[in-house]
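Enquirer: Chains A and B supply the protein sequences, listed in that same order. Each residue of the first sequence is one higher than the last, beginning at 0 in numbering that gives the first Met the number 0. Each residue of the second sequence is one higher than the last, beginning at 0 in numbering that gives the first Met the number 0.
Keep in mind that a hint or two might mislead.
It does not matter which identical chain is used: a pair holds within one copy or between any two.
Straight-line Cα separation of at most 27 Å, BS3-like style, residue types lysine-lysine; simulated pairs [unchecked claim]: (1) K153 with K290; (2) K713 with K383; (3) K386 with K719; (4) K383 with K644; (5) K719 with K224; (6) K383 with K101; (7) K101 with K51; (8) K719 with K703; (9) K55 with K153; (10) K316 with K27; (11) K644 with K101; (12) K27 with K719; (13) K637 with K55; (14) K101 with K624; (15) K637 with K51; (16) K290 with K51; (17) K51 with K630; (18) K51 with K644; (19) K51 with K23.
Hint data in this document are derived by calculation from the structure and do not stem from the laboratory. Only a predicted model underlies this, so the values are computations on that prediction, with no experimental measurement involved.
Number of protein chains: 2
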Amino acid sequence: MSNIFLLVPVASILALVFAWIFFKSLMKNSEGTDRMKEIAQYVREGAMAYLKRQYKVVIIVFVVLFILLTIMAYFGVQNPFVPIAFLTGGFFSGLCGFLGMKTATFASARTAHGASQSLNKGLQVAFRSGAVMGLVVVGFALLDIAAWYLLLSKVIFTPEHMANGLHFLGLQFVHEGTTETQKLVEITTTMLTFGMGASTQALFARVGGGIYTKAADVGADLVGKVEAGIPEDDPRNPATIADNVGDNVGDVAGMGADLYESYAGSILATAALGAALPAVALAGTGIDPIKAVTAPMIVAAIGIVLSIIGIFMVRTKESATQKTLLRALFIGTFGSSVLILLALVGLAFMGWITWGVFWAVVIGLAAGVIIGQATEYYTSDEYKPTKGIAHQAQQGPATTIIDGIAVGMNSTWIPVVTIVLGIMGAFWAAGGAQHFAMGVYGIGFAAVGMLSTLGITLATDAFGPIADNAGGNAEMSELPPEVRERTDALDMLGNTTAATGKGFAIGSAALTAMALISAYMEEVRLWFGKIAKGGEGFVAKGQYVFYNDVAPAVEEGIKAVKISAASVKDFSAAYDITLFNPLFLGGLFLGSMMAFLFSAMTMKAVGRAAGAMVDEVRRQFREIKGILEGKATPEYAKCVEISTKGAQREMLVPSLVAIIVPVIVGASMGVAGVIGLLAGGLTAGFTLAVFMNNAGGAWDNAKKFIEKGNYGGKGSEAHKAGVVGDTVGDPFKDTSGPSLNILIKLMTMVSVVMAGLTVTLSLL
Amino acid sequence: MSNIFLLVPVASILALVFAWIFFKSLMKNSEGTDRMKEIAQYVREGAMAYLKRQYKVVIIVFVVLFILLTIMAYFGVQNPFVPIAFLTGGFFSGLCGFLGMKTATFASARTAHGASQSLNKGLQVAFRSGAVMGLVVVGFALLDIAAWYLLLSKVIFTPEHMANGLHFLGLQFVHEGTTETQKLVEITTTMLTFGMGASTQALFARVGGGIYTKAADVGADLVGKVEAGIPEDDPRNPATIADNVGDNVGDVAGMGADLYESYAGSILATAALGAALPAVALAGTGIDPIKAVTAPMIVAAIGIVLSIIGIFMVRTKESATQKTLLRALFIGTFGSSVLILLALVGLAFMGWITWGVFWAVVIGLAAGVIIGQATEYYTSDEYKPTKGIAHQAQQGPATTIIDGIAVGMNSTWIPVVTIVLGIMGAFWAAGGAQHFAMGVYGIGFAAVGMLSTLGITLATDAFGPIADNAGGNAEMSELPPEVRERTDALDMLGNTTAATGKGFAIGSAALTAMALISAYMEEVRLWFGKIAKGGEGFVAKGQYVFYNDVAPAVEEGIKAVKISAASVKDFSAAYDITLFNPLFLGGLFLGSMMAFLFSAMTMKAVGRAAGAMVDEVRRQFREIKGILEGKATPEYAKCVEISTKGAQREMLVPSLVAIIVPVIVGASMGVAGVIGLLAGGLTAGFTLAVFMNNAGGAWDNAKKFIEKGNYGGKGSEAHKAGVVGDTVGDPFKDTSGPSLNILIKLMTMVSVVMAGLTVTLSLL
């Protein structure tokens, strides 16, 4: 192992150290007045109550899956490490959510207080708090990866174990006679399955968080704003705390878990693809298999260090306008990107990556920027699409909806074309025309490249809900108007970064899923083991040996499964992933359907959860005397409780569907069906997600554009139509759209973990 | 040629004869009072004015494409028949549209008059008029196919021409030394490209008709009903005639052209797949290649004869309820299906089709019924989904929209699963596990089977708009209320058949596209011609010969194109349609995007065209004195003109995009890219179309459910929300959704026609 690999654990620890420093310096700031502290305390309690309940559900799911995975490991259709690794992936992702949200809820009042001093101070507090989330995510993700890589390569796959095998508790961890090449393949494909823990955690965080935040939002708006006519964030509204909690739950914890998964998934998938590179592809490049496997981790490590530097670049002056604020953030992210590229030039010169891979990383970084900018174009009220929706709002809600849907559907073209050019560009840049495997490895690196700036990108994302909450805190604490003006400026900035952040999240999800699907085939190839020509039988991973004639194997004390000559034919059929294999085509259809079905389920879930919230807010207005006069305190906790319960109840069915369908397809339609399912889910899911995110974002900003005084301003017919658009857009952009990121990745991850079972079933 | 083939021309002529008989007997009925005649005349003139203008535009497009195809034929990248065949396909489709619409516009007043005598009389007139459309479509489509097949097999590919070649006007029609096997492949792949004419015609009919009908509808509703407060179909509304014209233009002509294309496409694609069956697959089945090629035409011919019998089965009693009416239609369609199956049993016993193919047809027929029933479940107000939307309407327009979208997305699962099971079932039933080509041939037969009842199915579809128009006529002519009650009963029946008809149209479009995509590969294989190993060069179809070294060919006076060894490698790359070819994957993404982009464009188009209509209706109300008191006649023709112009103007861009994108993808991304594009367009487009159709249908019926007196009935807040849902749903279900059928098929058809160019470009 080269010394440069040490950068991986070092950078991940560095990220955690800086996260700690930023957190400490955050805590030194005052939370302001007693009222501010009180509000912040309510939100904090609500957020923690939610997290506690969510983790309880998640733990049950984890325990069930852990048992299932263990049973599979016992029967040899699963690697024995996977159950434990599954837990660590989930644990660290959950820990990030806890720490990020804790920080965010500590930061809102402090940001409001900072804004009461100066705009720059407010920006610094909010942004550095967001950076805690960003650094915690990349830090723990890379630390987990580094730890497992070191454990597996140094402790488990020792030369001695590789020669003699390693058994423990009746399970075979290392097969006798494992070669050096096999070792890397075994290690990386095993590590790949760790991502399953992060995926499961992300599923619940994104879907649950998405349902929570919208249920609270709709409840607060529909009864508070529309029926009772009190302003946003008014303390008389019982759902207002739940609404503020929702921002943290959905946009901090949900987004963080989503990107944690993409980050870990892209690195692990690329490492697995690196291990699968044939010698002929590496010949003459100066890259050895170990370099190919560790390079994505090293690129990620470099990205962490330079993201930290980028975070320090973000500062602004008091007289800052929206543009200069945006510029401050842009300098930070763009600065990190440039520094990363410079560092990669060095890495290429040192012979750790090929120049082709370098360009693949450049393409990934560029694709992230382009998708982000396109998202801004389609959803910002400074451009034609959103202005057009506001214009249509004059003719009533129906035309507002139609135009918003058209804008959203139309907006899919730039992201799709970017991803297509990105995939093809990365493939060819890395040398896919000469060696197919190199091209696929390049696609993986495009994903790693896009996510290399995650430390700072996530900081700008998490900044949004913190600023939003600071505004809420300022409003509820009745701070002077100039404070609210400053927090509003930060909040608007947050809306823009949230939109570009959503584009970034779905773009990286697509590339990560792409890398994972490629890695899935490696996993399948591994599980097939050595196929003996003519149906003589083959040795699968783990304890099972597949033979045409099981008797000799049984005599030797090996668990053996009979396979037929027909099964061996199925092996090539399983690899027939052409369109004309009806299993593949059927899978494609099902994947496309899954995207729509999952969206329908999450949207319905919001509707039901919001309905319960509406009833509760109405009840409080009715039953608690003096609440509207501000004489009685509403029961905030009741609303938090309802949103929490609703989210937990409603997230289960869609989540289970996302986990179970790939298993069923794998068992019934084999590898070709699974690949079709994943490809259909990826392509249709990506397009659908972009449509929903951007339609939702555009409706939101069209409404705000009208509220600025256009087309009659607040209270006009156009405004009413705009509110309808915004309400429809809420579950689009904050629940269903982002949840599709998870669906795309999770279905792939489940398939990877279930590859052993799928392959075994297809051979029996 | 066997005598049984004679059934094909005979059945097609029989269909036309019965269409003529039905038309004549229709014309014998009275159009009723002078007022009724006047109204009918307005609608007829409007419809013909529209058709005239549309055909003018279409003729220009056809001339341009004809010239392009001729140039391609001259340069040897296109078969010389294609330009002429393209024209005949377009001509017959256009003729069907003209005749069908002419009949429908003659039928509305006669149906109203018939309904003034008895319900059964009204049903008979409307249904038999619809049958004219159904029989004209299947008759001309099959006649065109039979004529070309006889021309090519009897006149062009004679033994003498096959031995010596056939040249004419400097173009090579038959290559020297063509074998019997090659003959059938050449004939069927050439015929396949005839469908391009039908596709182009269908594109303009569906997209233009869809825009027309919704622009008129929205204009009539928004200003007339909402602003001026006058009822539906009121003669004081200037847009009311345009609205009635729209029903004919969109639902008769548009639907007819759509299904004409599916019908011809499925038969031609299956014939091409039959010609490509390898001898080993046919061995022992008793089927020879000629039987394999003509069997789909014979099945279609049988379907025609038995559809005619089915049409005679449709009759009802005066005391008929909605249920008995529906039962009358069901007996007709179901009766035909059963008779077709019985006839196919005979065909299988006679050894014209295998039993596997028989089961594939059964699967196709069953899939059509299931998708139709699922559509009814999700869009009829007798079931939970639509009732749920009406319930949500109480909370305002936003929840109505969200719930409708969720219902639409949710409704995709049954049709998708049905299509998946249908594709896989037909594949395996036909013997795909043993011989891949047989399985694909079976999928083609599933499409042919689904469409075999088209004669009667289309009659029930066209019935809807005729009944709708009859109602309009009765209203405007102020007939007694019991007449309106009877036409309302027929209209409601029409709404149900329209919904199931939409499901049938998209289901058959999916299967047809599937068969076409498979046939596309045959087209590509043919164009590649005989690849010489090691880059020696190969002979492509037409005059060009591709050689590594062009000199010897040039000496022999043959136009020759140099190809490189790298190009020969591309040949296999072009066939690499696995997910891991980034070209294929990129194509998949682009196909999914095309579905969304096309929907956005058609939706925007409706918005703009409707805007112009709204302005015009407002102008007439303002400027024509006494219009609202019924003292002055509105300028109906002006509104018809505006809808017509708007539709023509707006249909061009989306239409051209649908035609050009496959060409660009073919030129830049080769065969793999094209296949990806088609697969992505098919799977995402199908899901999106089902979503849009069903969401639109459910909103429509939810509104009607409220109007029946539920949740406050007409004028309530729930009703207002229901109207918003219905308005959003209109372009969903009548423009964008149905237009996707065309997109799916047209992109495939364009690719088939351009296969020669794509292959040539990929080899240069």
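Enquirer: Which holds for K153 with K290 at a C-alpha limit of 27 Å: within a copy, between copies, both or neither?
Expert: within (16 Å within a copy, 67 Å between copies)
Enquirer: Since the copies are identical, ignore which copy is meant and state whether K101 and K624 lie within 27 Å (CA to CA) inside a copy, between copies, both or neither.
Expert: Neither: 34 Å inside a chain and 70 Å across chains, both beyond 27 Å.
Enquirer: When no copy is specified for K713 and K383, does a C-alpha distance of 27 Å or less occur within a copy, between copies, both, or neither?
Expert: Close inside one copy (21 Å), not across copies (37 Å); limit 27 Å.
Enquirer: Could you figure out if K719 and K703 sit no more than 27 Å apart (CA to CA) within one copy, between two copies, both or neither?
Expert: Both ways: K719 and K703 sit 12 Å apart in one copy and 24 Å across, limit 27 Å.
Enquirer: For K637 vs K55, is the C-alpha pair at or below 27 Å within one copy, between two copies, both, or neither?
Expert: Answer is within: at 19 Å inside a copy they meet the 27 Å cutoff, but 67 Å across does not.
Enquirer: State whether the alpha carbon distance between K316 and K27 is at most 27 Å within one copy, between copies, both, or neither.
Expert: The answer is within: 22 Å in one copy meets 27 Å, while 86 Å across copies does not.
Enquirer: With 27 Å as the alpha-carbon cut-off, assign the pair K644 and K101 to within, between, both or neither.
Expert: within (20 Å within a copy, 61 Å between copies)
Enquirer: How would you label the pair K101, K51 (within, between, both, or neither) given a Cα cut-off of 27 Å?
Expert: Within. Shortest intra-copy distance 12 Å satisfies the 27 Å Cα cut-off; inter-copy 69 Å does not.
Enquirer: Can you tell me if K51 and K23 fall within 27 Å by alpha carbon in one copy, between copies, both or neither?
Expert: within (24 Å within a copy, 77 Å between copies)
Enquirer: Taking 27 Å as the upper bound on the Cα-Cα distance, should K383 and K644 be classified as within, between, both, or neither?
Expert: Cα proximity of K383 and K644: across copies only (26 Å, versus 40 Å in one copy).
Enquirer: What label fits K637 with K51 when the C-alpha limit is 27 Å: within, between, both, or neither?
Expert: within (16 Å within a copy, 66 Å between copies)
Enquirer: Regarding K27 and K719, is the shortest C-alpha distance of 27 Å or less found within a copy, between copies, in both, or in neither?
Expert: Intra 44 Å, inter 55 Å, cutoff 27 Å: neither.
Hint check: violations occur at hints 6, 9, 12, 14, 16, 17; the rest are consistent with the structure.
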